[in-house]
Each structure stands twice: as structure tokens, then as C-alpha cells.
Amino acid sequence: MYAYNDFDRQFVRQRAAQFRDQLDRHFAGELPEDDFRALRLQNGWYVQRHAPMLRVAVPYGELDSRQLHELAAIAREFDRGYGHFTTRQNLQYNWIPLTQAADVMDRLAAVDMHGIQTSGNCIRNITSDALAGVAADEQVDPRPYGEVMRQWSTLHPEFAFLPRKFKIAVSGADEDRAAIGWHDVGLQLLKNPAGEVGFRVQVGGGMGRTPIIGSVIRDFLPWNQILCYLEAIVRVYNRYGRRDNLYKARIKILVKAEGQKYFDAVEAEFNRILQEDVGAGTQLIPQAEFDRIAASFVRPAGVQARAEPATPADAPLAYTRWLQRNVHAHQVPGYRAVTLSLKRAGLPPGDATADQMDGAATLAADFSHGELRVTHDQNLLLPWVQASDMPALFEAARAGGFATPNIGLLTDMINCPGGDFCALANARSIPVAAAITERFADLDEIHDIGDIDLHISGCINSCGHHHSGHIGILGVDKDGSEWYQVSLGGSDGSTLSGDSVAGKVIGPSFAAEEVPDVIEAVIDTYRAERRAGERFIHTVRRIGLPAFKAAADAQRHLTAAH
Amino acid sequence: MKFISTHQDLWHTVGGEDGPQPHPPARERSLLSLEQWHAVRDTWPAGLATGVIVPNSVDIETLATDLPRLALVVLQFPKWVDGRAYSQARLLRVRWRFGGEIRATGDVLVDMVPLLARTGFDTAQLRPDQKLEAAERALSYFAGHYQGDVLQPLPAFARDLPAELAQAKASADLFAGQGI
Chain A
0 MYAYNDFDRQ FVRQRAAQFR DQLDRHFAGE LPEDDFRALR LQNGWYVQRH
50 APMLRVAVPY GELDSRQLHE LAAIAREFDR GYGHFTTRQN LQYNWIPLTQ
100 AADVMDRLAA VDMHGIQTSG NCIRNITSDA LAGVAADEQV DPRPYGEVMR
150 QWSTLHPEFA FLPRKFKIAV SGADEDRAAI GWHDVGLQLL KNPAGEVGFR
200 VQVGGGMGRT PIIGSVIRDF LPWNQILCYL EAIVRVYNRY GRRDNLYKAR
250 IKILVKAEGQ KYFDAVEAEF NRILQEDVGA GTQLIPQAEF DRIAASFVRP
300 AGVQARAEPA TPADAPLAYT RWLQRNVHAH QVPGYRAVTL SLKRAGLPPG
350 DATADQMDGA ATLAADFSHG ELRVTHDQNL LLPWVQASDM PALFEAARAG
400 GFATPNIGLL TDMINCPGGD FCALANARSI PVAAAITERF ADLDEIHDIG
450 DIDLHISGCI NSCGHHHSGH IGILGVDKDG SEWYQVSLGG SDGSTLSGDS
500 VAGKVIGPSF AAEEVPDVIE AVIDTYRAER RAGERFIHTV RRIGLPAFKA
550 AADAQRHLTA AH
Chain B
0 MKFISTHQDL WHTVGGEDGP QPHPPARERS LLSLEQWHAV RDTWPAGLAT
50 GVIVPNSVDI ETLATDLPRL ALVVLQFPKW VDGRAYSQAR LLRVRWRFGG
100 EIRATGDVLV DMVPLLARTG FDTAQLRPDQ KLEAAERALS YFAGHYQGDV
150 LQPLPAFARD LPAELAQAKA SADLFAGQGI
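Quick note, the sequences are listed as chains A and B, same order.
Taking numbering that gives the first Met the number 0, I'd label the letters of the first sequence as residues 0 to 561.
Taking numbering that gives the first Met the number 0, I'd label the letters of the second sequence as residues 0 to 179.
Honestly, the hints are just simulated from the structure, not real lab data.
All the given hints hold, so there is nothing to weed out.
For lysine to any residue, the following SDA-like pairs were computed, each having C-alpha atoms within a straight-line distance of at most 25 Å:
hint, chain 1, residue 1, chain 2, residue 2
1, B, K78, A, Y239
2, B, K78, A, D20
3, A, K247, B, N55
4, B, K168, A, N4
5, B, K168, A, A109
6, B, K130, B, F2
Being a predicted model, the structure only gives us computed values, none of them experimental.
The task is simple: from the sequences and hints, build the whole structure.
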């Protein structure tokens, strides 16, 4: 993974010192909350229902054992002993008092971490494929490009106060595991027929109350021009994006309203940057610089092709299920990537206690050259595990509570913190997730149901990605109580799910108590209707919504009058 | 970065009893609205030091041909979190090679000063409640940045970072113990 140099290290320390000054002025009454808000947001401090939330950046999802141990220590010493991994591969704390914020930033800086631009109307932490650098289907490793863009976007002076937040995702594999179509800018690395590397650039995707899939603005942008191209995209947005209405301020609204005109403006701006601007040429990434960064992403020492061990025919079902669901193909023969499931009964999806963070960090040290990834669907992943270590890792992961064999299945749901923590939420999402997890506790059953994306958001801001779920659940507020809208047929853009698309709502919202029954009815309908080998999403596409809607409506006990 | 206080400012807007004068008389160091400037630019003598106030919604390119006659461009932050003027300033410098003064006005906070400096502003009129020493301090935190900017056109990857770090350390040592 990327190795900080002295410049990087000094930079995060300087940022921590700057934030300490801002905090001091805030507590001294010199910096009122209205002014302080945007400053703390850009350092990751977001005030929630009970306390500030701190969002720590995990650039393109890469962590090492040392960092995760420190995150555990921070959870223990400053928080209430746990944290929450997010769909954007970050980690959130929920209970750290703002008075300790500067100390926490110093602690993070000491392990090359920070909260820079994890919130606020700026270019956010860049996300990527959790299998970057190890995926068997990878064309181009996206991490060095992610790092180049991380550096470019970090404290960019022109783009610190955009109309709204700005999210970039980059993928370099055949399979899209980063939901790039749903991002403000989605970048797909590919090679042209000449073997040259470039980006297919999508712009204007986003969730929220107006779900839109990004449009392709460039089919092939030579890789070394990406910073100039991003500058053009963001500058035109900074100039023309709406600032009069928070809900219409994302770039997706500008792209939708202007269409080709926006594309033309970006291309014109891009050409002028290259042809006219002082210093523009220096932003073209030199091969030597790319090589310097890419050198950080070489395979760990000792990782080399190894013989493929055979799985014994009499292996227990628990183990083979784990192999089937939590273990992934690798680009190095004899290696596997292994998901540590953070989806299990008793804890909210994506949450990890301090002890579990330490446990995962130790597993990484023991089995994965000290490296981990945070996945887009809120799990942890060990990228460098020898296939011959599978039996030992299975036992160790099981002992640590990470071996629920449910990756990609119903209980591997994406879930936002919801109304239990978030001040924006209209409804709680954690109890809904817990009720569904409890209802579908039978492993035989969820394995029989098969691949399915269940995404739950506590409000229309869509942090739980309900739009892209095969089943989406959205918390809404009606007359001060919690209700849930259910949608079907959404896609995050994966091969299984098809082209990115928002799901369709199947009727008026349901009462909280009805939700598990509704999900069960929807699943039962699938099991009754499916053809041999047909996945849930394909049955939904084939037979349409009416059968599912009728089954769901039959569960309305409390909402019958609606 | 120079901080301008309103009472010591050498520039003066040209207002009358009923608001801005549509055709102000030619005078050194007049600070005009865009409308005023458009009304007088054909008649005012070249070489007269003139400033214009540009709203942050204006495409800065529309000012390009006027720039040789302008000594000051005042850009605006109606709210401090409205970042459009950063782009205007940067374009004035890197695309239109404007060498005159670029001034930030409006809701200007000390915490914006590093961004202002890096996008090409050389003067700022801070919001009245802002403290000068905090603004000076805000400029001192970072020895260098990743991306190129108006002050340092080279991105970090094109610079000699070890030499830069050594220099930053040397200058910190020079001031060590002096209470700075």
C-alpha cells in the first residue's frame, strides 16, 4: 500500500495543528459555530444527534494492521469502544467529544491518517474496488491513480467550497465493485487496443432525492491527463452548479439540466487548461512520478505464485460455505482475498468493536502481510492470503466473529447509522436491519435465497444506498413516526445486477413492524416464481413488480388504511 | 497577503445620493461596478489606475480584454462558503496573466486566507470581526501543498521535496525560541 514519505507525514501533522488552532478559537468564542461548521466538516467532524461524529478517511479503502490497531485504541480511549465502516470505505466514530478532537487528530496523524475532506462541500475521499491490486478480473490497478488523485484533491485551494459534496470512485476491473455510476465522477480504467491506459469518465451520478446514473463524458482519456480533466469538470461545476437550493446543488442536477452543453463546456475548459494556462503542463503526470507512486503498490515481499491446494471432499459444510461466499479469486495463483464479515446478529451492519478491530488487525498481520481493505459493502477484507492458509484462517476468523458465510447474501446488507445516531435521518435503520437479520438467521435459508443486495437508508440522503439495492428500504417520517418505503430492482452496476439503475417503489410505506414480514413475503414470492438457477434480481426483472407488490400488500396490518 | 482596512483604503467607490453614478468622472483609483466600467471604458484615458468590482457569478473571461487597463479586480464572497471567486482569481492569474491587484471582499474569514493566497489574491478585506494575528497564523501552517497553485505552479511531484522540507526546518530553527 501507499507508503507515506516525509512530505505526506508532515502534511497531515500540519493539518492537525491547523485544526487545533481552529478548535481553540472556536472554544474561545472567536470562531462562532456558523463559521466553524464548514471547517470542522472538512476535517471529518460532523455533529449528529448525540455527539459529533468523526469520519476518518481510508483512502481507496486501504489500511494496515498498525493503523487498525490505532483506530481500535482511539475507539477505546475516546469513543465508546466501537466504530462504523461506511460504504465509502471510511470509518466513523460516534461519541468523541469535540473538546478531544485535536488530540484524536494528532493520534491519527501519527499513523498517517486524517479526516481531511471526509465531509463538507468539497472533493471527498476517493473510493475504489476493495479488490484493487488483487482481483483476478483486474485490467489496471486503480490504486496508484487513486493516490495521484488523492494528492491532487487534498486541500485543493480552488475547489474547497463547491456548491455541494463531490465524490469520485475509480475501478480498474471487469466487475464494478465500486458503484462508479452512482458517483459525481466515476472512473473506469481500461486499456485501448494499443495497450495504452486511460479512463472512461462518467459524470453526474448520485443518489439522494433525485437518483441519477452518471453519463459518459469521455470514452477514453489518456491516464496522464486525468488531473487536468478533473480540474475542468470541477471548475465548470464550481462556476455553474446551483447554490440557491441545497437539494439541487449536486453536479448531477447541472449535468441533467445542461446535458451536452455541460459536456462541451468541460471539453472547452480542458483544452484551454492544456493550451493556455500557466503551469498546466506540469499537471500532466510524468511517467516517473507515476512509477514512484506505483512502487508503493507492488506486491508484498514473499507474495509469489504458489501451488493450488485441493479442498478435501469431506470438508464440513460450514467451511465450504465460507469458501464459497467469503473467499475470492486472486490474480496471484495460490492466493485468495478473504472478506471478514461485519454482518452478524447482535451488531449493526458495518460496526466493529475495538476488540474486533484489534482482532482483524491481528488476522491481517498473521495472514495478509499486515494489509486490509474496507469494502464498499461495509466489510473488511484481507487481500493477500495464501490458499493453503484457508483452514487456519477460517478457524481464526470464526473465533473472531468474522466468518459468517453471508457475503453477497441477504444478511450482508448495506445499512446507514440511521436515526439512532444521525440527525438527518427520518427513521432508524439499525433496528430494521436487526429484525431482518433475526428473521433470516437460518444459513440454509439465506444460501438457498442466494445473491441479493439489500440496502437500507434512514432517509432520502441515501447513505445506505437504498436506490441501488435489489431490495431497497427507505425510512420516511410521517406525522412524527417511522415508516419505510420498499423498492425493488435497483442495481449498483455489478455484472449480476446489470446496468446501474434506481429501484422502483412498490407502494405506500410500511410500518416498522411490518417490514420484516414484507421482506419475507417478497423473498417467498421470489422462491415461488424463480426458474432454476435464477437470481432474485433476474426474477424481479422477468416477472415485474405486481406479484411482489401483492405479496407485500398482504402484510399490511397496521397500514391497511393507507 | 496584504490586509486592507476600509478607512485606509486608497481606492474609492463612486456613489452619489441616489446610488452609484452611472457615468462617473475620470479619476485615479476609482473602484467601479462593472456597469460603471462599461459605461466609461471608451472615454476614460488609458493609464488611469482603475479598479472594478466583479460579482462572483460573472464569467471572468468577459473581462479579459479590459485587464490591461485595470489595476485592481475586487472579487466577492457574499457568503464565505461560496467558493466561486477562487476560480475567478485563479483564471485571472494563470489564464489571463493579470498582474494587478486581486482583492477579496465580503464574508472573508481568516481561515480562507491560505486559499485566497494560493488562488491568486494578494489583498483581502477581512470581515470586521476577524483578527489579524489569526490570519497571519493561518498562513503559517503548511510548508507546502500537493497540487500546484498560483504561488507555486509546480505540483509536489515536480518539486524537490526533501530540499523543501530541509529549508522549512531551517527557517523554523532560525525563529526557534523567539516566540514567533
